[in-house]
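Novice: Spelled out from the first residue to the last, the chains are:
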Amino acid sequence: MKITIVSGGASKRTICELELSTSTTIKELKKSFAQKNPKYYVDRQRFVTSQLGPDNKPIVLSDDNKTLSHYKITSDNTLVFKDLGPQVSWTTVFLTEYAGPLLIYPIFYFFGQQIYGQEYTHGYTQQYALLCYSLHYIKRLLETIFVHRFSHATMPISNIFKNSIYYWGNTILVSYFVNHPLFTSPPPARVLIGLCLWVVGELFNLISHIQLRNLRPAGSTVRQIPKGLLFEYVSCPNYTMEILAWIGFSIMTQTLTAYVFTVLGAVQMYVWAVAKHRRYRKEFDGKNGELQYPRNRKIIVPFLL
Amino acid sequence: MAGLVKKYLFLYNIVQFGGWTYILYLLAAHFHAGGWSSQSLIGVWQHVGWWVTLFQFGAVLEIVHSLVGFVKTPVATTFVQVFSRVACVTLAILVPTTNDHWAMSLMLTAWGITEVVRYLFYALSLYDAVPYILGWLRYTLFIILYPSGVTGETGTIIASLPYVKETGLWSITMPNALNVSFNLYYTLIGSLAFYVIGLPWLYTYMLGQRKRFIQSGGVTKKPATSSVTSSPSSAKKQN
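The listed protein sequences derive, respectively, from chains Y and X.
Read left to right, the first sequence gives residues 1 to 305 (the UniProt record's numbering).
Read left to right, the second sequence gives residues 1 to 239 (the UniProt record's numbering).
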């Protein structure tokens, strides 16, 4: 059958025509489109139907492994092409945004004399904070390289700038105050409590990431219901534990900017967690032989939220 | 758009239009009384400050409109616009050295003319009733008013600097229990950089809008929104 690809927007200009069959997968569709339009490599493409779906919106051909017939395209048809813009791999984005904090944070520690214009020695809290902050980002870098398996290969290139500005700016604003010569440490007991929370958070965050990795066989984008340990209570324990680690860091350093970024991070992670929780529930709805997602599992806070 | 929301927005824009018309009238009366000389710039803030404060702080509602989805303007855009204005008004209230400065008169006059045209334009466009001349003014006056407004605002900020430095206004110094410090003096100097970056950007944007307006023969249709163009999930982080 003949599939006509048109551009989006008002113009609906014909880009090309492809000869495909009903059993052609979306991935193959994208490959044949890329052959004719090499500028738009597979990850840059998105297709939607020209006819509106049941909710009066075009249907997005989102699953690369599904066939055209799955999306009810069984005869000559028109699809709308959308350019997602230049893409960059998740790994590149992660490495760039995490390298910043790892390099920037210690600058305020080791060059404090030049930055603050006075000689001073660091207290133990400042030493622990340097260790915690650096270890956190070293862990993230290592996880990106050795642990994570991403379901999407790429994201738009603008994300690299947006994310980097956030991470780098965040680091400058936290590091400047924590490493300040006039820094006031909270009492030892609170430093210890913060440090303990940080260790627990980081440890279980790592464990959750490894559990997630083991759900997805190498080279695939298979989705399964995560199980075991904290996953029995919440859908995204990796976020729960990351938030806990930052709460620990904030208690330990008792610095306003650290608290502010803990809250901002928690809000963002909550939004992601809600989306992921919904996806799990939709995907494992217990119908058509699919598994049923555990009903009592919360989003991010055990038993509560 | 729901009928009630539309009525409310119309009312809001008309009230703002009325407020800024009155402010513009007060300004003109003040300059007139001073014989349009440099002497007439003295006492401008004392004369109109209360009304400017009322209507400019009232514009904080526009952030709310954007947040709850009454208007399509992105929250961030509205926030930056309203925040910079409110910050300048706050400086005028707190820093006496800004009040009789020429930049204050320039700033208020540029704001006044801009807002009178803008709010009437918004109000009428709700009912697709914008006369060509009003649209033309909206997309033409900025050529002069933007640079004037920015000169006025940055001039006001600069006029406040010595006073802010001397009094340590709103500054927080370490050590303190939250390990935080704030220096309004340097923050203000830093904010000047945003004007330098922001003006050319906004100016080019508005020139583009103007071109579109002239070419379309004065049709001020809102841009069509498409549900297809919403960002794909791949743009979000998932780990």
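Don't read these hints as lab results, they were simulated from the structure.
The structure displayed is predicted, hence computed values, not measured ones.
One should not assume that every hint holds.
Each computed DMTMM-like pair below joins lysine to aspartate or glutamate, with the alpha-carbon atoms no more than 25 Å apart [unchecked claim]:
#, chain 1, residue 1, chain 2, residue 2
1, X, K72, Y, D63
2, Y, K12, Y, D64
3, X, K72, Y, D43
4, Y, K282, Y, D63
5, Y, K57, Y, E119
Novice: Take a quick look at whether K72(X) and D43(Y) sit within 25 Å of each other, Cα to Cα.
Specialist: The hint is violated at about 30 Å.
Novice: Taking 25 Å as the top limit, are the C-alpha atoms of K72(X) and D63(Y) close enough?
Specialist: 31 Å, violated
Novice: Straight-line Cα separation of K282(Y) and D63(Y) no greater than 25 Å?
Specialist: Distance ~15 Å between K282(Y) and D63(Y) Cα, so the pair holds.
Novice: Given the proposed pairing of K12(Y) with D64(Y), does the C-alpha separation stay at or below 25 Å?
Specialist: 24 Å, holds
Novice: Given the hint that K57(Y) pairs with E119(Y), does the C-alpha gap stay at or below 25 Å?
Specialist: Violated - the C-alpha atoms of E119(Y) and K57(Y) are around 64 Å apart, more than 25 Å.
When held up to the earlier numbered hints, the structure conflicts with 1, 3 and 5 and fits the remainder.
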